[in-house]
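**Q** As a plain string of letters, each chain reads:
2 protein chains.
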Amino acid sequence: MAAHTAYWAAVLFLSLIGVWGFPTGPVFNRDPVCGYKSCPATQPSMLNVHLIPHTHDDVGWLKTVDQYFYGDRNEIQHAGVQYILDSVVEQLQKDPARRFIYVETAFFYRWWRRQNQATRKIVTQLVNEGRLEFINGGWCMSDEATTHYSAVIDQMTLGLRFLNDTFGECGRPRVAWHIDPFGHAREHASMFAQMGFDGFFFGRLDYQDKGRRIRTKEMEMLWRASDTLTPPTADLFTGILPNGYNPPDGFCWDQSCSDAPIRDDPDLEDYNVDQMVFKFLEVAESQATWYKTNHIVMTMGSDFQYENANMWYKNMDKLIHYVNAQQSNGSRVNVLYSTPSCYLQELHRANLTWPLKTDDFFPYADAAHDFWTGYFTSRPALKRYERESNSRLQTCNQLEVLGGPKSRRGPHGEGDSDTMRKAMAVAQHHDAVSGTEKQHVAYDYARRLATGWAHCEVLVSNSLAVLSGSDAPRIYCEGLNISVCPLTESSQKFTMTVYNPLGRAVTWSVRLPVNGTAYSVIDPRGKSVASEVIPVSKATQLIRRDRGYAMYELVFQVQAPPMGFSTYSISMLQTGPPAASPKFRAPRTIQNKYLKVTFDPDTGLLTSLSNLETLQTIKLSQNFYWYNASDGKNKDSDQPSGAYIFRPNSSTPFTVSKTAKIETVQNGVVQEVKQWFSPWISQVVRLYEDSRELELEWTVGPVPVDDDLGKEVITRLDTDILSSGYFYTDSNGREVLERRRDFRPTWDLFQSEPIAGNYYPVNSRVYIKDDANQLTVVTDRSQGGSSILNGSLEIMLHRRLLYDDNRGVGEPLSEPGENENGLVARGRLLLSLSKPATAADTHRPLAQSMVLQPLLSFQQGTLHPNTKLEFSGLQAALPPAVHLLTVSQWEKDLVLLRLEHQFQAKESKTYSQPVTVNLQKLFSTLDVLGASEMSLGANQWKDEMSRLDWKTSGGENMKPRKGMKGTGDAVPWEVTLNPMEIRTFLLRVQQR
Amino acid sequence: MAAHTAYWAAVLFLSLIGVWGFPTGPVFNRDPVCGYKSCPATQPSMLNVHLIPHTHDDVGWLKTVDQYFYGDRNEIQHAGVQYILDSVVEQLQKDPARRFIYVETAFFYRWWRRQNQATRKIVTQLVNEGRLEFINGGWCMSDEATTHYSAVIDQMTLGLRFLNDTFGECGRPRVAWHIDPFGHAREHASMFAQMGFDGFFFGRLDYQDKGRRIRTKEMEMLWRASDTLTPPTADLFTGILPNGYNPPDGFCWDQSCSDAPIRDDPDLEDYNVDQMVFKFLEVAESQATWYKTNHIVMTMGSDFQYENANMWYKNMDKLIHYVNAQQSNGSRVNVLYSTPSCYLQELHRANLTWPLKTDDFFPYADAAHDFWTGYFTSRPALKRYERESNSRLQTCNQLEVLGGPKSRRGPHGEGDSDTMRKAMAVAQHHDAVSGTEKQHVAYDYARRLATGWAHCEVLVSNSLAVLSGSDAPRIYCEGLNISVCPLTESSQKFTMTVYNPLGRAVTWSVRLPVNGTAYSVIDPRGKSVASEVIPVSKATQLIRRDRGYAMYELVFQVQAPPMGFSTYSISMLQTGPPAASPKFRAPRTIQNKYLKVTFDPDTGLLTSLSNLETLQTIKLSQNFYWYNASDGKNKDSDQPSGAYIFRPNSSTPFTVSKTAKIETVQNGVVQEVKQWFSPWISQVVRLYEDSRELELEWTVGPVPVDDDLGKEVITRLDTDILSSGYFYTDSNGREVLERRRDFRPTWDLFQSEPIAGNYYPVNSRVYIKDDANQLTVVTDRSQGGSSILNGSLEIMLHRRLLYDDNRGVGEPLSEPGENENGLVARGRLLLSLSKPATAADTHRPLAQSMVLQPLLSFQQGTLHPNTKLEFSGLQAALPPAVHLLTVSQWEKDLVLLRLEHQFQAKESKTYSQPVTVNLQKLFSTLDVLGASEMSLGANQWKDEMSRLDWKTSGGENMKPRKGMKGTGDAVPWEVTLNPMEIRTFLLRVQQR
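The listed protein sequences derive, respectively, from chains A and B.
Read in order, the letters of the first sequence correspond to residues 25 to 1016 in our numbering.
Read in order, the letters of the second sequence correspond to residues 25 to 1016 in our numbering.
If you are wondering where the hints come from, they were derived from the structure by calculation, not from laboratory data.
Treat the hints loosely; a few may be bogus.
[What the hints assert, rightly or not] Taking lysine-lysine pairs in the DSSO-like style, the calculated list, with each CA pair at most 27 Å apart, reads:
| no. | chain 1 | residue 1 | chain 2 | residue 2 |
| --- | --- | --- | --- | --- |
| 1 | B | K145 | A | K342 |
| 2 | A | K118 | B | K145 |
| 3 | B | K342 | A | K145 |
Isolated chain A (complex conformation):
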């Protein structure tokens, strides 16, 4: 998107040049020669060893992101990114042959803004000459198992945009680089392809898979990352690095390593040049047998390395010198400084046919009993908070656009979306939402999200003031899920605004903590809304402790328009005893017009689920269990369960209780069966009046460990669906992959962990099906799940462990609760029973509404009569297949829009079809003056994307669709979305 190649339809965008895209700071000494053009020469007749100097800088893990940046708390881990960048920039200047790649923009950004102009100029020149190359370029290197695609796209966009704004075209990463994440999601590959990356490298994959790929020279492949998108849209060349992301044994010259330096002064003791050269040649020749071309890579770096880059470069200089000097003695090995993209270019030049990969790289095991499937669930509260924060950020973004400049500076003060955007971007890191950080770091992520929200809250209040005309104070209640909200608890009269960030109207059930026993609820059009008051459950009272004293919950259903809000007025009518008390016996059934649920009156457990519209019924029993986490004292392996690793001691989980104590609430708004399994596990089975899904609200914790047993708590749904070992999980909340018990699509699995080895990430949904029935479970956060028994689905909800799993975090995963008894987690599973052919029609929108939930805000008393009580930012609801993925202010008058077709090909007869949206007719308050399409990462014009093409042995070989280079044409107003397509536009807008 750099200006010297970009062209923007002049009529509409004359003013754009210089406003964004073009790096205005640096002065170029000469035309930049970066990217593939800047790659070093290689030796066609030799084995070329590409040394890739790199550092892997976790955006938080054992220390917080800022501690890592500064090098604080070095007693925990020696790591200071400020020094890494200082040092690398220094060392790169010493020799133009030296290269370095940098990956994590969250850190680079922190560093850059503290540099003076002289340093910035130097760095810009290094970038322009390809000596410093940005790789991946997102704000962080996201986790792949527990992230939602929308947050990943956001964090990549944030990082790529900074690079583009700062360095222009030479700052654009060509290669995706996920060297550390613990397994690889197909959806990530798909996103990377759509972001324009030419290739992807990673380090971790199942040890059996790696073994096979080494034997068959399939370490490099073409990954076709979508069943739906037309190749090569989601094709991504993918390479597995030989040694994780570490240097070969004996060649680590970081301050954190103890390998011998090259001692080449013959006058000192222990001259070792000959033995180092010999050893290097041996390593190179051996590694070359794993790969197809006469090029290999060596990753020269590791976690937080290069703080003293001189150590690395000084020794690598010598290595290159002495190894290549052997060429005159007949050696055929040529070693050089390089980068992943330069290596990739050589692979491309080789013009070979590469194997095709169509599934994903989950689960990841690094040894027979070491499955990294625990982190799918680790820190469930953080995972939920992150997911909710994503929803809040989208709301914040939308309201920033809708409210205009006053949203950032308005009656409620100064607000911004940037703080939240950065907090969310940091939270995508593969030791953040993954739950694999130290406890103090988890707190830091949560605090950042809270701070981000505090900034957004002001913005949202300002924007709602603009849109509604009321600048009365606005309260947000963070504690609604534990029935805490001081305003609603104490107020006789208040209003509630429901903001809906979805592109279509939403119906939502609201539960407000109150102390009255009857209320009047009036919708924005003055109509009375049915409501009920029910007692706050005992479980909630226990959790909330002294934070709230509401005795009741006011339950009612609200509606909100697309990308807009509705305001409801609530007045207390009565205090005193409520109309009906809960019944303490098990009902045989609860039902509404769509669903019927039966219970066993003896056990209190579910027995069946019926869809009354489709006349489907399945047997369904559900209960809670825990796997006893291995303590590592085991004859097969000393691997304990930990933050990363799930390793049950036995394949049979313990049942928490065979029966549940029951409390029932049934009224015109909601029917609830409260199940009490133990002092630390309870559940509400809930059916709202107008709901097509059954809600299971689980509460787990504090998980007791006074028996010295670590526990991994699951809930299991057992049905009579003939699932035959198959089940289905989504990939980062988008496309669904078929899973099969004790099976991998690409190699003959030797299954050594019958439970942990069958767990997969569930980001948003998991289902089982047979010809007649599909039971889909939509989750409110990322969790691990599996189907261990036919007809069964299990989801891991919470984990509390007593041992560290020896992957570095150095703490047992045992989240403290308020009373140090352990954390209580609460969440919801939504169950949908459908015909398989139409299941997506339900679960696609359902999952999106679970992700982008309405935001409730409250105002005390009554509103001024002129207040606008209902508003939609859209002219009309989007078509059902279209998801409003991104509406975000980019610059003044520029809005980033992402529209997504949310159905896969063939999954819905009705919706898996192309669908057209008119951009000009989209917004109700904004005129769209122009639109230009961009790559998914919004750092390139779509028609300038030109990815390398790769031949593959399987499937079709399709040439990439290249845009007409350099035209930058504005798109027509009518844009068509094909199934699973996401289209990214930069809109020039004007408030009406």
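Please build the complex by placing chain B on the supplied structure of chain A, with the hints as guidance.
**A** Chain B alone, transformed into the frame defined by chain A:
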């Protein structure tokens, strides 16, 4: 001595300019402003805090010197000096305010020779601007307790010369800097003063002493380091650093530290500028109360720090910025980058009167039970090998001068003295000869000395070939002390050359391993020499194992001329049974014409010693004992004995045996009583025919530890001398200090370790005396010694320990012998009984002859008749008071000469007088064309030395004698030496 200030008498030395002294490499951009002139401005009305960025780079300790240089074996200790210098030079360029001092020239030299011209130019400029300042500047930072002054002068000369040759005047260190040595010798201070240093800083002193000095503000003082030399010749301003050599707590910003960096980005978490500034001000104010002026120092660095200097400087830059910014808020603290000399200049400007110090800083204790007195003896074999190597280096130096250029390249190949000089210089390091290094490092020091000697051996052979006219192969026997020498063992006829490096003729007793039973020995003048053949002792047979098979030793006395040699011819006369077998009974007496020694026939132990000339007799019993080394499991303290620390478990040592088995040899050449105390301790009491001293040749080891008790082995001499708690030890082999049991001259001692707290270093001699008798023991190496009982002297001979003493070395001191049973050590004590008034007349020359022993070399068969069998490099023996300290080739035609008056004032009626030597009449084969006097370190003309003068509260205040600056006059040929004076001359010579 830089040429731009030096003037050399033109007639004699026209050719000198450019040959040495002037740095020829670097090109100056401008006139250097280094030294005191380059010091930063301070604030007279504020507290000035001098930050001294520094690194302390041990020239071997846990790793070898070359491992430290390269950063090899970082798993032992992270340390790589090459990177330190790279990094510091880089960082100094960033800001002219930044300073750094560098200390250890052994490392700097290794680094410098690998730098290109561009880097050298940069470094030269940094030095010329005072931004990089050399401090101390010796090859290493020598140990003070176990080094001999001659080796210390040599190592200082080597380092200072490199700096002078490379950088000229700006490379000359102004300040001596012994921040780490474990106690401080007065002789070191005296040498530093004579080398021209303006001041001296160190870190370690007795904790009681430090406490008192803090209370009385006597942390800085004038040290009058000689009883003999006229003040201020040996006066040295001495400062004790506040915090050892470390930064204040919380302000260590090295990669090896974990203190918080200064986090000054308000947009990141944990902004800490305010708290860091507050804490720093607190530390500074508190430290200021210890010192007299409004200047204080903070040593910003520690062991092997600054590998990544950016971390240090970046944070110190911020510290200086933010602390000084507080001045506008009324703060009176001014912090600045500085150096020890800039700090010293401010102290000098303060023009205060400083307290006087006249004793030394031994022993050093850092806590009540933690006396660093074990290392006085640790590694006795290394200590002896180092002492012997010193003698060999002096021989090598002398023969290089005498033999001329052919000595370096001659019939025996290429030789040099430089390798040995550097090996000896490295061995002076305070973790080298001190015995406090890891075992593998001790081996490295020994190997370096062996390699050095191998180079010298060629040089010596070449030179002897030149001087004798015989280039027949020449053999040196390293194993004579265990009766191993293949040539003498197997040869029927051979010659032996005795080279004597002393300035006077020597008589020496020789013992050669042979297998014949009678030999003819012919002196250089053809006279037959009395000789005897005696059996090799059982102890020696045990030690030497399979390395030699001699059954006998041929014993005879030889003589060698001053700085010259004599060659003896030896022929076997007889094999078969020897004339006399040893007697296996205890003799009542052995005696010669000078001494008589009596034994108790029942115990086999000594009972008395008589001087037959002076008619003195003392009771003298002698035996071997061991202290049980504390294992640290003790109620008072958990301190075990270790390489550094001596801590006996009980004040009463265990007696090895109350009786000794005896074997006696008595003949016309030697009388020996061999005492066998246990399988691991034996001794030969030996009296040569012409000897005025009694030799005790002890053999200790392998020290058994299978009883799990660490042992510290001593020998104790108990006499009837009325010593009353007083005893006397030398300081680095020169002046003698009075010691008094349970007493310190400068503070009221609380004695918490009645044995270890009374141990002092014995470098060459220790004595007790009363009015009538003085018993002096001359040692062959440095050892710890004391007088725990009146009339008693004890000397620690060997140590074998089971625990590390927690001072970093991380190994118990348990030297492996050949069979892993532990090392056997063998050595000699020479006992001299005299009247106190004349004792020095004996022990001064005796100790020098113990240090500079004759070198024996052998040639097979008979020599060509023209061979010169006798040679002296001197025209005549030097006067008895004069010791020939240094004769060493400096450059072509230039010889460094040091003449030393070896008597203290008043210790000898005969010799404690001025004595004159004529330089022109000194050498027999060299014409001395000119001479110019230099500082003791040979890096300044004597008449250009101009040291800062200091006022003291005690003693006389004398102005320093300044030479006439800039004249560089050649000295007159007649030079006078006053007691204890060392005069250093550079001679221009020409072979006759």
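**Q** Hint check: K342 of chain B vs K145 of chain A, CA-CA at most 27 Å. Holds or violated?
**A** The given pair, whose Cα atoms are some 23 Å apart, holds under the 27 Å limit.
**Q** Hinted pair, alpha-carbon criterion (27 Å max): K118 of chain A, K145 of chain B. Please report holds or violated.
**A** holds (16 Å)
**Q** Holds or violated: K145 of chain B and K342 of chain A, Cα atoms, limit 27 Å.
**A** Holds. K145 of chain B to K342 of chain A sits at ~23 Å (cutoff 27 Å).
When each numbered hint is compared with the structure, no violation occurs for any of them.
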